[in-house]
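**Student:** Go by the hints and put chain B onto chain A.
Here the protein sequences come in this chain order: A and B.
Mapping the first sequence onto the working numbering, position 205 (from 1) lands on 221, and the numbers just tick up by one.
Mapping the second sequence onto the working numbering, position 146 (from 1) lands on 162, and the numbers just tick up by one.
Source of the hints: derived by calculation from the structure; they are not laboratory data.
Hints should not be assumed to be uniformly reliable.
Copies of one chain are not kept apart here, so a pair can be met inside one copy or by any two copies together.
[Said to hold, decoys possible] Below, a list of computed lysine to any residue pairs in the SDA-like style, where the Cα atoms sit at most 20 Å apart:
(1) K351 with D60
(2) K351 with I20
(3) K351 with T18
(4) K351 with P59
Number of protein chains: 2
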Amino acid sequence: MTPIIGVVGGGQLARMMLPVAARLGLRLVFLARPGDAVAAVWPDVVEGEPDAAGLRRLAERVDVITVEHELVDLDTLRALAGEGLAVRPSADTLDVAVDKVRQREVLGAAGVPMAPWTLAGDLDAIGAFGAEHGWPLVLKRPRGGYDGRGVWMVDDAAAARAVVDEVDGAALLVEPQVALTGELAVLVARRPGGETVVYDPVETVQVDAMCREVLQPPRVSAVAAERAHDIGRRVADAIDSIGMLSVELFVSGDEVLLNELAARPHNAGHLTIEAAATSQFENHLRAVADLPLGAPTARGPAAMVNVVGGDVDPYERLADALAAEPDVAVHLYGKDYRRGRKLGHVTATGPDLDRARHAALHAVDVLTMPAS
Amino acid sequence: MTPIIGVVGGGQLARMMLPVAARLGLRLVFLARPGDAVAAVWPDVVEGEPDAAGLRRLAERVDVITVEHELVDLDTLRALAGEGLAVRPSADTLDVAVDKVRQREVLGAAGVPMAPWTLAGDLDAIGAFGAEHGWPLVLKRPRGGYDGRGVWMVDDAAAARAVVDEVDGAALLVEPQVALTGELAVLVARRPGGETVVYDPVETVQVDAMCREVLQPPRVSAVAAERAHDIGRRVADAIDSIGMLSVELFVSGDEVLLNELAARPHNAGHLTIEAAATSQFENHLRAVADLPLGAPTARGPAAMVNVVGGDVDPYERLADALAAEPDVAVHLYGKDYRRGRKLGHVTATGPDLDRARHAALHAVDVLTMPAS
Numbered sequence: 017m018t019p020i021i022g023v024v025g026g027g028q029l030a031r032m033m034l035p036v037a038a039r040l041g042l043r044l045v046f047l048a049r050p051g052d053a054v055a056a057v058w059p060d061v062v063e064g065e066p067d068a069a070g071l072r073r074l075a076e077r078v079d080v081i082t083v084e085h086e087l088v089d090l091d092t093l094r095a096l097a098g099e100g101l102a103v104r105p106s107a108d109t110l111d112v113a114v115d116k117v118r119q120r121e122v123l124g125a126a127g128v129p130m131a132p133w134t135l136a137g138d139l140d141a142i143g144a145f146g147a148e149h150g151w152p153l154v155l156k157r158p159r160g161g162y163d164g165r166g167v168w169m170v171d172d173a174a175a176a177r178a179v180v181d182e183v184d185g186a187a188l189l190v191e192p193q194v195a196l197t198g199e200l201a202v203l204v205a206r207r208p209g210g211e212t213v214v215y216d217p218v219e220t221v222q223v224d225a226m227c228r229e230v231l232q233p234p235r236v237s238a239v240a241a242e243r244a245h246d247i248g249r250r251v252a253d254a255i256d257s258i259g260m261l262s263v264e265l266f267v268s269g270d271e272v273l274l275n276e277l278a279a280r281p282h283n284a285g286h287l288t289i290e291a292a293a294t295s296q297f298e299n300h301l302r303a304v305a306d307l308p309l310g311a312p313t314a315r316g317p318a319a320m321v322n323v324v325g326g327d328v329d330p331y332e333r334l335a336d337a338l339a340a341e342p343d344v345a346v347h348l349y350g351k352d353y354r355r356g357r358k359l360g361h362v363t364a365t366g367p368d369l370d371r372a373r374h375a376a377l378h379a380v381d382v383l384t385m386p387a388s
Numbered sequence: 017m018t019p020i021i022g023v024v025g026g027g028q029l030a031r032m033m034l035p036v037a038a039r040l041g042l043r044l045v046f047l048a049r050p051g052d053a054v055a056a057v058w059p060d061v062v063e064g065e066p067d068a069a070g071l072r073r074l075a076e077r078v079d080v081i082t083v084e085h086e087l088v089d090l091d092t093l094r095a096l097a098g099e100g101l102a103v104r105p106s107a108d109t110l111d112v113a114v115d116k117v118r119q120r121e122v123l124g125a126a127g128v129p130m131a132p133w134t135l136a137g138d139l140d141a142i143g144a145f146g147a148e149h150g151w152p153l154v155l156k157r158p159r160g161g162y163d164g165r166g167v168w169m170v171d172d173a174a175a176a177r178a179v180v181d182e183v184d185g186a187a188l189l190v191e192p193q194v195a196l197t198g199e200l201a202v203l204v205a206r207r208p209g210g211e212t213v214v215y216d217p218v219e220t221v222q223v224d225a226m227c228r229e230v231l232q233p234p235r236v237s238a239v240a241a242e243r244a245h246d247i248g249r250r251v252a253d254a255i256d257s258i259g260m261l262s263v264e265l266f267v268s269g270d271e272v273l274l275n276e277l278a279a280r281p282h283n284a285g286h287l288t289i290e291a292a293a294t295s296q297f298e299n300h301l302r303a304v305a306d307l308p309l310g311a312p313t314a315r316g317p318a319a320m321v322n323v324v325g326g327d328v329d330p331y332e333r334l335a336d337a338l339a340a341e342p343d344v345a346v347h348l349y350g351k352d353y354r355r356g357r358k359l360g361h362v363t364a365t366g367p368d369l370d371r372a373r374h375a376a377l378h379a380v381d382v383l384t385m386p387a388s
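So that you can see chain A by itself, here it is in the shape it has in the complex (with noise of 0.2 Å):
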């Protein structure tokens, strides 16, 4: 029989997961809060916090675990690790994937590229940062940040100076701003042992610091897909990645630098369920089962697009959303309505990728703006 895997969250992620585990009989339990979006489709739910003793109590009950999300205890997972219970990724992985400042330092060695860097702790190293790579800077708190959040674009040192105040002089790594032409995130599966698959690479398409659409095939040069595809596989190496990696790139014309990382499935790769051979969520749990991995060849064009919330519960646009678009794949995630807050993503495949994108931003504004 295929391991018990302990999945460390109750989110979306964990949830969009559950329909690889029926297919190929792998037996989940997730470590999640009351009312997480897991709990209402899945019978087999540990309540807890992704603290020792929730862990712990996971850890009783599966021979593997993986997370859904970094906000882990790690010092436990490294303990489990100690006591003989596979952990996939590793505690190690996880630490590089969440902190921005060791990822810079460990994929550096390994040679992928990246925009200068340096972390400051105080104004005087900002400055002198600026005054060698020129302004503005990017402005980014190692740990923690998404969606924007810990990220501030500073064009002069005035400005530097009001974040500096706002995290307390806290250490900050700082970058120039790059004159950006794309974003791309390179999808990798990789296996115990090493077996890896690297999916060719997705555009994403940010608003507001949040990701709001991810398109296959990326807009960018064949040179920039390659480079982004290589980096892919070095990064998966370099941190001995188990399960899904997701890497974001910056992509300036053909040059691509590191962005950052998630050693997890990712928002990226949801159009994977519809577009690739295998999913992410597949591959992940084949990589954390250390089952043979799937094949990551595309199914043609996609266009993913976020349902964030807008002025309206999308579940109650459903009924007009797929009336309005009969052939995209609408996932909803059993999430409170709250404005702001990702609910779900739209997913449309060919023919090309201009209608596929036009059909999903479509069903994405019937799902949360009210009917007129």
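**Tutor:** Frame of chain A, contents of chain B only:
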């Protein structure tokens, strides 16, 4: 909110509804037996039989009832409908679907092409039909047969006598044996009010009277495919089908004749999960929930092959099968292994039907044969 849907049955058809339910926020409650495939992968199951007591227990929990099999107490379904519960499909529709004689009466009147037939209660009547239409004949129990059970091919009166003895003189449906060039299935989704989508016909290949392969597109003439499409729509209207309907058809050159019906998702439609814009399970639930239907558009060539219990439990061969065919979709149903039992299926898509067939057949070989 969408209605709470009660599903009678907890086998693989029920199980394959779950991903869609999670994705669209449809609340399902199953009426199932302990140990049924659905209980391990869904939190809300009412234990019971599809009899009056079980159906009434389910009815208390839900807004609408549907089925994943036809062995249901239709009188209770009728009574529940009379009390105001939505029953989709209706007991009348199910009654036609389970009775091959009623089917021929109703659909013959609706102009659906079928072989000559009679209901014969004794050997004389069978002999008279054979004299008029020619031997060999096919004898069928009007109700309850499946996978070849309840069906006999007879070359002459002596063979017919053995069958009449076996069934203790029960009335049998009698038809001439059609010289087949192929078999088709047409899947039709129909919503309350009559909105209908018809999937392009697929080819079904039987081995030992059990469906072994389903192929898209079918290897039949364009005329036969178009006739099948038209018949599908006509049957759905004639029996006021709600939800999925599978119309199985005999093909002889350009001629297309009724074989039998199933008023629910069907084995012939499993490849729609990967190879159609909207799967049969999604359109079944959309129809039952009275939501707009999804496009049935085929997404290129595909082959589905059933996993029937062979010399080994397929779960033991999962890793080898995934390694052997990395771009097929393996579906195992969580059922205990038993020789001859339908335990799962494999679907392979594109680039052409031959390659998809070979990939799916190879994966199934690996799943059903011991490691050499």
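**Student:** Looking back at the hints listed earlier, which ones does the structure fail to meet?
**Tutor:** Of the numbered hints given earlier, the structure breaks none, since each of them holds.
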